[in-house]
Amino acid sequence: MSTPLTDSRAFCRDLPDPDRLFGNTLQQHRARHICAPCPIRTACLAEALELRIDSGLWGGMTARERRALRLRNPQVDDWRAHLAPLQPTTHIREEPAR
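Per the numbering used here, residue 1 is the first one in the sequence shown, and the count goes up by one each step.
Derived from the structure by calculation, the hints contain no laboratory data.
Small disclaimer: the values here were computed from a predicted structure and weren't measured.
Each hint should be verified, as a subset may be incorrect.
Label-pair distances were calculated between CB atoms; the ranges are [unchecked claim]:
#1 Pro74 / Pro16: 37 to 43 Å
#2 Asp77 / Gly23: 26 to 32 Å
#3 Ser8 / Arg80: 28 to 34 Å
#4 Arg72 / Pro16: 19 to 25 Å
#5 Leu71 / His29: 17 to 23 Å
From the three backbone atoms N, C-alpha and C, an ideal C-beta is built for every residue, glycine too.
Work the whole structure out from these sequences, hints included.
Below, the structure written as structure tokens:
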């Protein structure tokens, strides 16, 4: 099983300038558009919360936002399960039988 750090689907994986994801808060806010459509955004955020990563933009949230989220939810011990309802689902449209 891959993690957000190794998942080839991560939109940030091949950025020409990945430092902007770890720059100051303003740079991180400007880089959010990279995370918004990413298919592993929720998994990325969950991993950052579980590992208490306190730098950079992960899952569309800055370190400050993640710290605040952890403080508001001290009861959460499994961020993947907690965030699972937020994970977008992919609906596959089936072709009608002929």
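Worksheet item: Does the structure break any of the earlier hints, and which numbers would those be?
Response: Violated: hints 3, 4.
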